[in-house]
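J.: Line by line, the protein sequences are chains A and B. For the first sequence, my numbering begins at 1 and goes up steadily by one. For the second sequence, my numbering begins at 1 and goes up steadily by one.
The reader is advised that the hints may include incorrect statements.
Note: identical chains are not told apart, hence a pair may lie in one copy or across any two.
Here are the computed lysine to aspartate or glutamate pairs in the EDC-like style, where the Cα-Cα straight-line distance is at most 16 Å [to be verified]:
id: 1; residue 1: Lys2; residue 2: Asp216
id: 2; residue 1: Lys2; residue 2: Glu257
id: 3; residue 1: Lys305; residue 2: Glu20
id: 4; residue 1: Lys367; residue 2: Glu146
id: 5; residue 1: Lys2; residue 2: Glu168
id: 6; residue 1: Lys337; residue 2: Glu153
id: 7; residue 1: Lys367; residue 2: Glu152
id: 8; residue 1: Lys2; residue 2: Glu76
id: 9; residue 1: Lys2; residue 2: Asp121
id: 10; residue 1: Lys67; residue 2: Glu299
id: 11; residue 1: Lys313; residue 2: Glu386
id: 12; residue 1: Lys313; residue 2: Asp385
id: 13; residue 1: Lys313; residue 2: Glu346
id: 14; residue 1: Lys27; residue 2: Glu146
Hints in this document: simulated from the structure, not taken from any laboratory. The model shown is predicted, which means the values in this text are computed figures rather than measured ones.
2 protein chains.
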Amino acid sequence: MKIKINENYRSVGKSYLFSEIASRVAKFTAAHPEARIIRLGIGDVTLPLTPAVTSAMSAAVAEMAEKSTFRGYAPEFGYDFLLEAIKRRYARFGVALGTSEIFVSDGAKSDVGNITELFGDNTVLIPDPVYPVYLDSNLMAGRRVEFLPATEENGFLPMPDGLRGEGEGYIIYICSPNNPTGAVYDREMLAAWVDFANRTGSLIIFDAAYEAYISDGCPHSIYEIEGARGCAVEICSLSKDAGFTGTRCSWTVVPAELTAGGMSLCEMWGRRQATKFNGVPYVVQRGAEAALSDRGREECLGLVKYYMENASKLASVLRERGVTFTGGVSSPYIWLKCTGTDSSWEFFDRLLTEANIVGTPGAGFGKCGEGYFRLTAFGSHEATDEAAARLRTFF
Amino acid sequence: MKIKINENYRSVGKSYLFSEIASRVAKFTAAHPEARIIRLGIGDVTLPLTPAVTSAMSAAVAEMAEKSTFRGYAPEFGYDFLLEAIKRRYARFGVALGTSEIFVSDGAKSDVGNITELFGDNTVLIPDPVYPVYLDSNLMAGRRVEFLPATEENGFLPMPDGLRGEGEGYIIYICSPNNPTGAVYDREMLAAWVDFANRTGSLIIFDAAYEAYISDGCPHSIYEIEGARGCAVEICSLSKDAGFTGTRCSWTVVPAELTAGGMSLCEMWGRRQATKFNGVPYVVQRGAEAALSDRGREECLGLVKYYMENASKLASVLRERGVTFTGGVSSPYIWLKCTGTDSSWEFFDRLLTEANIVGTPGAGFGKCGEGYFRLTAFGSHEATDEAAARLRTFF
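In isolation and in its complexed conformation, chain A is listed as follows (with noise of 0.2 Å):
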């Protein structure tokens, strides 16, 4: 064909981070088929659905059998037995939020993804490891990336200062819990990220996918900072806590004030999401508002607490065997040195083959990436208990 295609997706790496694994585990599986693989790669949760919401999906299954009860199109931005389910959650934060300003959609990846299409030509600011659909989205627009070097020498959680901001605003993406590295942003971090956000007219995407695993009294929403409605857009997902991975169903918060070159942000991704969506299921609306619900909560907090316990196992075999790593307190996911002179995907490769064990790479968040490795406590106690087994004789 002649026509003319998107030339910056030339500049995206052909596989996506977990293809690439998923193509590595399938390759050596192949080849040692008898291989009792622990799978602690991609962030899946392996706990069902709880008894709540399948008892709803189970419900409105039936209920779309039924002429009289039967579902078309949704509302396109959510039903409003939804989108109350979720204003009282983050009653719960203290923060008060309209319906309007709520975007219910199929999944925190999809939103972070298409949100993109309402920016210009700005400079993105993209925290240093962080899950990669920061930047491809952004790279499959071409805009200019900056990264925010997560170290060690910051606790793994980079901050403003040194940033310019020059005549023109960033747009900003924050993590908290971040992934890979389960770091978590106190109160006072984030108020210094909306206070520049604010000073430098920038956006903050703020991603609190992973808000459910907070212990420690960090912020769950960034619209517990005071000024963030001015400067943040917040993306969160049921997901990692009611278990809904293949199940489908997140929201996006666009508070009112948002404005840019005289346009509500708010108006433009509905407008974008009436387009280009439409809608979620009926079936699985209703099971994420029996998860939002009191007895949902309750349920999916049973869900937390079992991934955690995990996350202590894993903990305590690599400070056992002097593995460095942080994470593991406010989030599902353990972020280690490699040890020995492994890349990270060499490492990959080892602990594949030696333990059966199937993690992820740290260069796959990024560059500074490069020499760690992440172990997500998502699996079963008894799998995470044989894997610690096997941690314990690999180090």
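Dock chain B against the given chain A, drawing on the hints supplied.
T.: Just chain B, lined up with the frame of chain A:
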């Protein structure tokens, strides 16, 4: 904020067509709470999901409730069981597809909108009137758009005659059966488009969302036409076929042969989807598999038959009252010429006020839609009988 926005959003009209209709209807019902509104506006289905589909979804919810059968992240482009079911569906039309050429997603609207990200600064050919997402999503990307007028003269089926093609190809949208006119391209006409696309190096985006309504021997898939694999992407959906408007499942076919600028379009779309999308809910994919099974096909054909009975009823009133219209044969849509001197929005208001019937103003689908009006056959038999009686009085 000082950040730069996507300036193209200024050129996209404020409200999406169906949001505007919803807002006018809400205003009317607030003023006339006693009015029994019949909705033949947005093309939303009203019959429930079929037994094969809801049984499969119930079983899938039960699987999600048990640790041993729980599913987390789905394969990015769809579970094999669903990809295989889609392949078998195409085989019925004599079309052979590779598994890696099929991408399952949450809706044709999403794919129609998102696929525009893959392109550069191309000229886009869009039928007028047509589904508004083609135009809006390209306006958001700032592309030049040329319209293909669909008029009474060409039977609402524009052909490439007279198009120059020039040095570079076009992006060409074809929707058959057409939304809103109900017109369907026959084999010879589609072959002329495929030939034009191949000669000029253009890409056809073929929207087959209404293929299940074809009853007159016209092609169900663009790939029934020789040469189409070299110039066409096809987007199909279970919304109008299996009643999935509120359940959300569709797919896009990108043949391996499609390359532009040395890049494989299939790989580019895979990269896009793997970066900005995280798969369709497991429960929904099981429902979709069931809808595509032999039993499911039979049930879905029952839904189509039911709706087409409505189309016949509406058509016979229009015929009786001497109203000019097309569609309603291989399509659930009826496209009528507004009577009197009404603009299509005036006609909308008059029909709403006098007959309490909601339809869709032709102007919402493009300039050539002015003076026309769309009625859908997706109501119940009872509501359609009542609508037919009211229309008999109205005209």
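J.: Next step is simple, just say for each hint if it's right about the structure.
T.: So, going through the hints one by one against the coordinates:
1. Taking the closest pair of Cα atoms, Lys2 and Asp216 never come within 16 Å of each other, the shortest separation being 57 Å inside a single copy and 34 Å across copies.
2. Taking the shortest alpha-carbon separations for Lys2 and Glu257, only the inter-copy value of 13 Å comes in at or below 16 Å, while the best intra-copy value is 44 Å.
3. Taking identical chains as interchangeable, the C-alpha atoms of Lys305 and Glu20 are never at most 16 Å apart, the minima being 30 Å within one chain and 46 Å between chains.
4. Taking the shortest Cα distances, Lys367 and Glu146 sit within 16 Å of each other inside one copy (12 Å), while across copies they are farther apart (45 Å).
5. For the homomeric pair Lys2 and Glu168, the shortest alpha-carbon distance between copies (5 Å) is at most 16 Å, but the shortest distance inside one copy (37 Å) is not.
6. Taking the closest pair of Cα atoms, Lys337 and Glu153 come within 16 Å of each other only inside a single copy of the chain (14 Å); across copies the shortest separation is 72 Å, beyond that limit.
7. In this assembly of identical chains, Lys367 and Glu152 lie within 16 Å of each other by CA distance solely inside one copy; the values are 14 Å within and 60 Å between copies.
8. Taking the shortest alpha-carbon separations for Lys2 and Glu76, neither the intra-copy value of 36 Å nor the inter-copy value of 29 Å comes in at or below 16 Å.
9. In this homomeric assembly, Lys2 and Asp121 come within 16 Å of each other (Cα to Cα) only across copies, at 12 Å, whereas the closest approach inside a single copy is 27 Å.
10. In this assembly of identical chains, Lys67 and Glu299 lie within 16 Å of each other by CA distance solely across copies; the values are 15 Å between and 32 Å within a copy.
11. Taking identical chains as interchangeable, the C-alpha atoms of Lys313 and Glu386 lie at most 16 Å apart only when both belong to the same chain, with a minimum of 10 Å there against 67 Å between chains.
12. Proximity of Lys313 and Asp385 under a CA criterion of 16 Å is satisfied intra-copy only: 7 Å inside one chain copy versus 67 Å between copies.
13. With identical chains, the CA atoms of Lys313 and Glu346 are never at most 16 Å apart, being 25 Å at best within one copy and 69 Å at best between copies.
14. In this assembly of identical chains, the alpha carbons of Lys27 and Glu146 never lie at most 16 Å apart, being 35 Å within a copy and 48 Å across copies at closest.
In summary, the structure is inconsistent with hints 1, 3, 8, 13, 14 from the numbered list given earlier, while agreeing with the others.
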